[in-house]
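Residue numbers (our numbering), protein chains in the order written: chain A, 1 to 95; chain B, 96 to 165.
Treat the hints with care, as some may be off.
Unchecked claim - If we take Cβ atoms under 10 Å as the criterion, some of the chain A residues that face chain B in the derived model are:
{"no.": "1", "residue": "Ser6"}
{"no.": "2", "residue": "Gln13"}
{"no.": "3", "residue": "Val21"}
{"no.": "4", "residue": "Met53"}
{"no.": "5", "residue": "Gly57"}
{"no.": "6", "residue": "Gly63"}
{"no.": "7", "residue": "Gly70"}
{"no.": "8", "residue": "Ile93"}
What the hints assert, rightly or not - Quick list of in silico lysine-lysine cross-link-like pairs, DSS-like style, CA-CA up to 27 Å:
{"no.": "9", "chain 1": "B", "residue 1": "Lys114", "chain 2": "B", "residue 2": "Lys128"}
{"no.": "10", "chain 1": "A", "residue 1": "Lys25", "chain 2": "A", "residue 2": "Lys76"}
{"no.": "11", "chain 1": "B", "residue 1": "Lys128", "chain 2": "B", "residue 2": "Lys100"}
{"no.": "12", "chain 1": "A", "residue 1": "Lys62", "chain 2": "B", "residue 2": "Lys128"}
{"no.": "13", "chain 1": "A", "residue 1": "Lys25", "chain 2": "B", "residue 2": "Lys164"}
{"no.": "14", "chain 1": "B", "residue 1": "Lys161", "chain 2": "A", "residue 2": "Lys76"}
{"no.": "15", "chain 1": "B", "residue 1": "Lys114", "chain 2": "B", "residue 2": "Lys100"}
{"no.": "16", "chain 1": "A", "residue 1": "Lys76", "chain 2": "B", "residue 2": "Lys164"}
{"no.": "17", "chain 1": "B", "residue 1": "Lys114", "chain 2": "A", "residue 2": "Lys25"}
{"no.": "18", "chain 1": "A", "residue 1": "Lys62", "chain 2": "B", "residue 2": "Lys100"}
{"no.": "19", "chain 1": "B", "residue 1": "Lys128", "chain 2": "A", "residue 2": "Lys76"}
{"no.": "20", "chain 1": "A", "residue 1": "Lys25", "chain 2": "A", "residue 2": "Lys62"}
{"no.": "21", "chain 1": "B", "residue 1": "Lys161", "chain 2": "A", "residue 2": "Lys25"}
It is worth saying that the hints were derived from the structure and are not from the lab. Beta carbons: idealized from backbone N, C-alpha and C, even for Gly.
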Amino acid sequence: MSAISSFVNQQVQVILYDGRVIVGKLMGFDVRANIILADSVEREFSEDEGVEMVPLGLYMIKGDNVAMIGEIDTDKDATIDYSSIRAPPLNDIRF
Amino acid sequence: MGTLKSVDQFLNIRLDNIKVSDPDRFPHMMAIKNCFIRGSVVRYVQMPTGAVDTQLLEDATRREAKDNKK
Numbered sequence: 001m002s003a004i005s006s007f008v009n010q011q012v013q014v015i016l017y018d019g020r021v022i023v024g025k026l027m028g029f030d031v032r033a034n035i036i037l038a039d040s041v042e043r044e045f046s047e048d049e050g051v052e053m054v055p056l057g058l059y060m061i062k063g064d065n066v067a068m069i070g071e072i073d074t075d076k077d078a079t080i081d082y083s084s085i086r087a088p089p090l091n092d093i094r095f
Numbered sequence: 096m097g098t099l100k101s102v103d104q105f106l107n108i109r110l111d112n113i114k115v116s117d118p119d120r121f122p123h124m125m126a127i128k129n130c131f132i133r134g135s136v137v138r139y140v141q142m143p144t145g146a147v148d149t150q151l152l153e154d155a156t157r158r159e160a161k162d163n164k165k
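All chains, please: the whole structure from these sequences, using the hints.
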């Protein structure tokens, strides 16, 4: 799990099994990919309006729900106008 | 798409400098540079032919086969 140790205290984007996208500061994690996010915000993508940012606050996510954890390039993120992005929400993951 | 940095026993994958193959359809990960993918969601891993050193792999499998025979 050392793979995510470099993401601690960074802005990360988490994609969950149900397709939700949550962005926040990674405070901690363990071997099961259970994670704690501070000041987290859900990014709701939709086809007919821009990305809706829903503040969630402090979140502890059980590892079973986590599909991906991505380190955000904050400089690049700041240049993106999310209110103009139209995209269908991600599908949930099933096998 | 990205550079494979590490894999563990759960097939959790760490990729650096990633790029989404179809960013128009999936703009969800535009601002991500490095990422960790939980092994349980991985369907397949595709390796570019050019990046695979077949000679090295062949030698390694031959060596393993030889060791198993002993």
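Structure-based check of all given hints:
no.	hint	in the structure
1	Ser6	holds, 8 Å
2	Gln13	holds, 6 Å
3	Val21	holds, 6 Å
4	Met53	violated, 14 Å
5	Gly57	violated, 21 Å
6	Gly63	holds, 8 Å
7	Gly70	holds, 4 Å
8	Ile93	holds, 6 Å
9	Lys114(B) with Lys128(B)	holds, 8 Å
10	Lys25(A) with Lys76(A)	holds, 16 Å
11	Lys128(B) with Lys100(B)	holds, 13 Å
12	Lys62(A) with Lys128(B)	holds, 24 Å
13	Lys25(A) with Lys164(B)	violated, 52 Å
14	Lys161(B) with Lys76(A)	violated, 51 Å
15	Lys114(B) with Lys100(B)	holds, 15 Å
16	Lys76(A) with Lys164(B)	violated, 54 Å
17	Lys114(B) with Lys25(A)	holds, 22 Å
18	Lys62(A) with Lys100(B)	holds, 24 Å
19	Lys128(B) with Lys76(A)	holds, 10 Å
20	Lys25(A) with Lys62(A)	holds, 16 Å
21	Lys161(B) with Lys25(A)	violated, 50 Å
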